[in-house]
Amino acid sequence: MNLQGRKIQVHDMSLRDGMHPKQHQITVEQMVEIAVAMDEAGIPLIEVTHGDGLGGASVNYGFPAASDQEYLTAVCKAVKKTRVSALLLPGIGTVDHLKMAVDCGISTIRVATHCTEADVSEQHISMAAQISGLDTVGFLMMAHMIPAEELVVQLKLMESYGANCVYITDSAGYMLPDDVTSRIALARKELKPETELGFHGHHNLGMGIANSLAAVEAGATRIDGSLAGLGAGAGNTPLEVFLAVCDRMGVETGVDLFKAMDVAEDLIVPLMDHMVRVDRDSLTLGWAGVYSSFLLFAKRSAAKYGLSARDILVELGRRRTVGGQEDMIEDLAMDMARARDSA
Amino acid sequence: MSKKIRAAIIGPGNIGTDLLMKAMRSEVIEPVWMVGVDPDSPGLARARDMGIKTTCEGVDGLVPHMREDNIQICFDATSAYVHADNSRKVNAEGAVMVDLTPAAIGPFCVPPVNLKDAVAERAMNVNMVTCGGQATIPMVAAVSRVQAVSYGEIVATVSSRSVGPGTRKNIDEFTRTTAKGVELIGGAQKGKAIIVINPAEPPLIMRDTIHCLTVDDPDQEAITRSVHEMVAEVQKYVPGYTLKNGPTFDGKRVSIYMEVAGLGDFLPRYAGNLDIMTAAGLRTAEMYAEEILAGRFVPAAA
Numbered sequence: 085m086n087l088q089g090r091k092i093q094v095h096d097m098s099l100r101d102g103m104h105p106k107q108h109q110i111t112v113e114q115m116v117e118i119a120v121a122m123d124e125a126g127i128p129l130i131e132v133t134h135g136d137g138l139g140g141a142s143v144n145y146g147f148p149a150a151s152d153q154e155y156l157t158a159v160c161k162a163v164k165k166t167r168v169s170a171l172l173l174p175g176i177g178t179v180d181h182l183k184m185a186v187d188c189g190i191s192t193i194r195v196a197t198h199c200t201e202a203d204v205s206e207q208h209i210s211m212a213a214q215i216s217g218l219d220t221v222g223f224l225m226m227a228h229m230i231p232a233e234e235l236v237v238q239l240k241l242m243e244s245y246g247a248n249c250v251y252i253t254d255s256a257g258y259m260l261p262d263d264v265t266s267r268i269a270l271a272r273k274e275l276k277p278e279t280e281l282g283f284h285g286h287h288n289l290g291m292g293i294a295n296s297l298a299a300v301e302a303g304a305t306r307i308d309g310s311l312a313g314l315g316a317g318a319g320n321t322p323l324e325v326f327l328a329v330c331d332r333m334g335v336e337t338g339v340d341l342f343k344a345m346d347v348a349e350d351l352i353v354p355l356m357d358h359m360v361r362v363d364r365d366s367l368t369l370g371w372a373g374v375y376s377s378f379l380l381f382a383k384r385s386a387a388k389y390g391l392s393a394r395d396i397l398v399e400l401g402r403r404r405t406v407g408g409q410e411d412m413i414e415d416l417a418m419d420m421a422r423a424r425d426s427a
Numbered sequence: 006m007s008k009k010i011r012a013a014i015i016g017p018g019n020i021g022t023d024l025l026m027k028a029m030r031s032e033v034i035e036p037v038w039m040v041g042v043d044p045d046s047p048g049l050a051r052a053r054d055m056g057i058k059t060t061c062e063g064v065d066g067l068v069p070h071m072r073e074d075n076i077q078i079c080f081d082a083t084s085a086y087v088h089a090d091n092s093r094k095v096n097a098e099g100a101v102m103v104d105l106t107p108a109a110i111g112p113f114c115v116p117p118v119n120l121k122d123a124v125a126e127r128a129m130n131v132n133m134v135t136c137g138g139q140a141t142i143p144m145v146a147a148v149s150r151v152q153a154v155s156y157g158e159i160v161a162t163v164s165s166r167s168v169g170p171g172t173r174k175n176i177d178e179f180t181r182t183t184a185k186g187v188e189l190i191g192g193a194q195k196g197k198a199i200i201v202i203n204p205a206e207p208p209l210i211m212r213d214t215i216h217c218l219t220v221d222d223p224d225q226e227a228i229t230r231s232v233h234e235m236v237a238e239v240q241k242y243v244p245g246y247t248l249k250n251g252p253t254f255d256g257k258r259v260s261i262y263m264e265v266a267g268l269g270d271f272l273p274r275y276a277g278n279l280d281i282m283t284a285a286g287l288r289t290a291e292m293y294a295e296e297i298l299a300g301r302f303v304p305a306a307a
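Top line first, the protein sequences correspond to chains R and S. Residue numbers for the first sequence follow our numbering, beginning at 85 and rising by one. Residue numbers for the second sequence follow our numbering, beginning at 6 and rising by one.
So that you can see chain S by itself, here it is in the shape it has in the complex:
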């Protein structure tokens, strides 16, 4: 068996469990610990059944074992409120933190757009923006790498069943963080994000519309090529990332219509919004792992 980098997942909920199932298949990541706070958590029981070490004492229950188990990467799939604390504790043990919460204390990372930069910066904490951001920012970037985009707007429509209580309590955080990601990583001069929740049964597959306004008239051929190339990049880690229509052009408006189906590991297929987060988080960790395995990066406590 080739060498793998050992990892811990904090948060045994739907996201953490889906991430664990994906990580079990990784060539370069070996999930070792699952961290929760409730001894009766079904997520911890599932992890134990899969042969993973567990603690119900939160990150404090993990920290004493990190050095002996050589944990070099941690994923936080809990909530923004506790993330900073979690991150500080695992960084102090020399592990990189991949943040799947909306806390965004580290740089944003959207794998096909800026993962290489994030890894090159040796950031000890990287943030995965939002589900809507992961699904749409690659498309904004696909346009902005061809020509200047004065305005990027994304509309994410997700099934009611795939929106958890954390997102519901602070939906503004989704719109703000995604809009910021559209600007910082997507490359739009100004960004806007809209989220629509649809309760239809059977649940609808995540849909995303990306509108870009270009500064000059759009180079239709170059943008179309760039969009198709970017879709192929995302499909490497989210096979259900599908260009439904477009890019269509109307004056300086470029519109792209996407559908995102998940792999259906632990989360249902329609919840592409959640799947793209866990897949992007794992992809990010894998890139770090490759750097560590190649001896180009030694994560260390600051």
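The shape of chain R in the complex, shown without the other chains:
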């Protein structure tokens, strides 16, 4: 693979996707400290929101240590060169949240839907596209669930609403490099040349780096990752590892590799409540194609009802659950416990 001279933009997820393994308990002070260190390392773009995006504060997904407004205000003020993005899932957050985040000083809004449901983002993307200077990104989650041809139809919808960049998102960490290549390559062929393409990976099958490289080769110019992999499931593409590989391959990211390594080691790893890694449950997410943030919910329900988290996750995959259905997990666990007890 020859990627020599390619220029890409990396986007760090630690302070948004990383909220999942932290059960949304990262404090404002911790966020500011990490954001400032990432700024110094030259990371161009970082995401800051509740793990489930703006308005995610809920019983269903978890109440965070501070509000989105508090996080965004503090981080946007603290960084100099680094720009800040927020995530919004229609059905959870609304355009009111979007406006609030813009007022806090974000540069980028990412509007995320399940891969087949892009049309619910029209309201949010078209409003964002009208806000002067706002980088507007469409984000199709669980993109492994439909073939490239169908995915491109959905990406085109987001493009038609006004997104200047669209993402193929491997929320379950299920994709293999060829899956990424076929999807990104077809999108690159079919979308407008000025529309940027991005890839968001999870490391559940250990494919975060390989998949991100495949994405770059096929035409993606934005790659998500998180330092030390702090993210849902087995984490996102570990960003410092990806940066080192980019360096070796001559891909230009503009990030200071050693500083990025230091942020990962000195600030992110000590923050972890548990080692974010490929264990049997996060591996099951990737193997069964399950939304990565289901991991801790399945572990908790498994403990509460005396079940195996792996069994719960496999069943959630079999039922083709989608992102946001966290409420299904305890419901399913109760059904499974009842079936076991009556057997």
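Here are some of the chain S residues that sit facing chain R, going by a computed Cβ distance under 10 Å:
1. Glu158
2. Asp177
3. Ile200
4. Gly251
It should be emphasised that the hints constitute simulated quantities derived from the structure, not laboratory data. Heads up, the beta-carbon is just placed ideally off N, CA and C, and yes, glycines get one too.
Fit chain S to the known structure of chain R by using the hints.
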């Protein structure tokens, strides 16, 4: 044949047609008109086949016939954008408007919770909140009638096939209106609503999760009894309203897991979210009709 109150349905789409099929079975409502705007509408053709008068000239095509046909109740199954106009026109002819759109210009009505109040107020326009609201607000109310609820949150998961283009274009309206209904009718001090759309095939039956945070420790026995009683109330007009799990208790959190299957009249069974709207709309109209038939209420132009 016992006396019935005559009604018109505005909007011959999926919802309007399903409502018509339910209304044909009513003991107290007689559907007389179906109103559309497209002469080639399959919904109008279906209504004609069922012996219903139709017009393709919108509400303006209905208005000249309302007095002579004694239309006292209208259902609006169109869209929020045109609802206010429709409502004004039929109210002027002395008919009550049952609003199945998200326009919400009249008071919210969730039949087992506040239908009696809405009818007692003699409101000439009542709004059916949202599908998620109809499916979940009774459960919030079942908890809040036992003890104070500081926070009510609902998660509605619906099949992709059951979510129409109107809802998709303005999904924020669903979350906002439902959250407001959780507060105003459900009785939670603060409400939140989440909707998740799932494209799985075969389509999944509507699922709803209701989380309430009680102010004091929950009275588990009283809440459990109240929830079961409320489920039975909703089942009177939506037989497929099923308590799957719960109520479960975790500290001050009360969680209730529901599944809502429809009757499968015109809409498929999995689309319980749409069925509960048409069933609630009809139930509301029937209660008005009973009041009118008993001589306790004479709807009149304001």
